[in-house]
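S.K.: Top line first, the protein sequences correspond to chains A and B. Read in my numbering, the first sequence has 67 at position 63, and its numbers run on one by one without any break. Read in my numbering, the second sequence has 267 at position 263, and its numbers run on one by one without any break.
Just to be clear, a hint being listed does not mean it is correct.
One copy or two, either will do: identical chains are not told apart, so a pair holds if it fits within one copy or between any two.
Claimed, not checked - Below, computed lysine to any residue pairings styled on SDA-like, alpha-carbon distance capped at 25 Å: (1) K6 / D214; (2) K254 / S295; (3) K6 / G212; (4) K6 / L211; (5) K6 / R228; (6) K283 / E238; (7) K6 / T208; (8) K206 / L147; (9) K291 / D187; (10) K17 / E241; (11) K17 / S235; (12) K6 / F209; (13) K291 / A28; (14) K232 / Q11; (15) K283 / L30; (16) K283 / I321.
Bear in mind the hints are in silico, worked out from the structure with no lab data behind them. Quantities reported herein were computed from a predicted structural model and do not represent experimental measurements.
2 protein chains.
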Amino acid sequence: MKKLINQSENVVKDALAGMEIIHADLLRVDHANQIIVRADGPIQGKVGVISGGGSGHEPMHGGFVGYGMLDAACPGEVFTSPVPDQMLAATRAVDGGAGVLHIVKNYTGDVLNFEMAAELAAAEGIEVASVVTNDDVAVQDSLYTAGRRGVGVTVLLEKIVGGLAETQAPLAAVANLARRVNDQGRSMGMALTSCTVPAAGKPTFELGEDEMEIGIGIHGEPGRRRVKLASAAEITELLANPIIDDLGLKSGEQVLAFVNGMGGTPLIELYIVANELAKILHGRDIKIARSLVGSYITSLEMAGCSITLLRLDDELIRYWDAPVHTPALRWGR
Amino acid sequence: MKKLINQSENVVKDALAGMEIIHADLLRVDHANQIIVRADGPIQGKVGVISGGGSGHEPMHGGFVGYGMLDAACPGEVFTSPVPDQMLAATRAVDGGAGVLHIVKNYTGDVLNFEMAAELAAAEGIEVASVVTNDDVAVQDSLYTAGRRGVGVTVLLEKIVGGLAETQAPLAAVANLARRVNDQGRSMGMALTSCTVPAAGKPTFELGEDEMEIGIGIHGEPGRRRVKLASAAEITELLANPIIDDLGLKSGEQVLAFVNGMGGTPLIELYIVANELAKILHGRDIKIARSLVGSYITSLEMAGCSITLLRLDDELIRYWDAPVHTPALRWGR
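With the sequences and hints as input, model every part of the structure.
M.R.: Shown next, in the form of structure tokens:
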């Protein structure tokens, strides 16, 4: 196992310590509760927005804590759900009197633990709304998940909903927008290589030298099928077409196109995929009105990519464009 | 070779096409000359700032084209110097009457070709100044280079000097600041794995399962030594101490700490290295006043990292903090 780590059991703890030092202007880490919170929170009258999930997907979610996005993140151990106590501590920490939104990726452990935390918070008098993202069109049920998995849309949703929350909109409006973003987005991913969970010390799965997995999950869960290596053009077709069809995107519509790296894929390859995606969308007369290219929801050092398309309207564009200042996404400030 | 590419000979061309579509608000690509130029340039009265080098180091340099950083970038083929014609075309394209600064990483091909381009531009009446970065403390001479190699400082220099150029400072002042940044910064890198140049189709070098290379160059050039795998704490010592000694950093000084990923290393590992670096600097009473953590000067999909330390003063901080709007670095706008 070749990794820049110390003891494998301290990977998350060490990385959080690094984040806290490097981004002291934006966030602080509550080490006792293992949560990352905005340095300037809680903000009175603002809906608190939190998310969380297993580590190993950086910068998601800790890298999205800051102005205009998340108020707190709950990192579990690598590829392991955070526990309800973390989520409850985060909910308390960000409560500014206007309630708290839980953004939950659809994995059974995450969903159950966030539900329990929401009940505990409600018992303390904190109003909580939850939205579950389930944008992965690759498979219906899978390892760790009933229904579709929550993947790339989560990043876009956290940005857009965080933008609305910053206007002191009420909890119901923030939750409604979150559901709308989830409904309007779809994703699919693929892997060229596996990844190695530090505590396991060996690759999560095996892929032959001439194979790739289409429809992979962000923890290496099996996808639609394992096939022979193909060109970037062919791979982009395999990912984009099911998304476009599932979303029912039509000629004349506009989207946010998100080409995401899985952690071990260099940026030069993501731009090649972006170029192929642009050709496909152009061919269907769908306009790329906004875009994001980079590694934002990853699977440790896995090589591969995912594509997310989000159908845009004026409201989504407004809050996507709104200022944001987090470790991983920043503009307008 | 597992890559998200089409034909290996089209890697750079396809990636440039993707960049142009995704970042149409910031830049345009002159495909005939294979250069990337600011969409809003040339800017009258502003020194044009250009750089370039082999591709495969993305986001450097094309990802740094935009307000407050580069006016143009000249990408060569992967790990191959751009040609003088590209540099001359870029120089012409960004000339707003105040002269042009060439930022050149110290590799023999880059240096020779930029020199030739500067002479050709001068013959056309364009005033050109050049600065060569040579911040890599790992080795003196190496494959492709006489003297020290230019690496991570180049990223910081492009940002800082771009900030000054935006104030319409004269060419001599911009060039002087560039030399000062280069003098005040040092870097060193390491690799856990090799990388594969698309046209070669096989790894540039071989590393055993329990080996790493300390002092690696950004094209896989040999470093100081090949040693057994070690912890993040030990690796960070091996990189940071030679930098600190070479710079002569003293108790009470302040630095910009740049922890850079080589392309295949996930962010979670870079924060672990950042944490170790912070401990070392804290132990020497050196303050991290600014920082940058991410993959900004890469070697395709190589796993590994580099550390750059830049001694800061008020002027360097002012132009580091100045607004920037490029694909890869953005703040204040």
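S.K.: Look at each hint and say if it fits the structure.
M.R.: Results of checking the hints against the structure:
no.	hint	verdict
1	K6 / D214	both (22 Å within a copy, 8 Å between copies)
2	K254 / S295	within (18 Å within a copy, 44 Å between copies)
3	K6 / G212	both (19 Å within a copy, 10 Å between copies)
4	K6 / L211	both (18 Å within a copy, 11 Å between copies)
5	K6 / R228	between (29 Å within a copy, 19 Å between copies)
6	K283 / E238	within (12 Å within a copy, 47 Å between copies)
7	K6 / T208	both (14 Å within a copy, 18 Å between copies)
8	K206 / L147	within (19 Å within a copy, 34 Å between copies)
9	K291 / D187	within (19 Å within a copy, 47 Å between copies)
10	K17 / E241	between (39 Å within a copy, 20 Å between copies)
11	K17 / S235	between (39 Å within a copy, 15 Å between copies)
12	K6 / F209	both (16 Å within a copy, 16 Å between copies)
13	K291 / A28	between (39 Å within a copy, 13 Å between copies)
14	K232 / Q11	between (36 Å within a copy, 16 Å between copies)
15	K283 / L30	between (38 Å within a copy, 20 Å between copies)
16	K283 / I321	within (22 Å within a copy, 42 Å between copies)
In this structure, none of the earlier numbered hints is contradicted; all agree with it.
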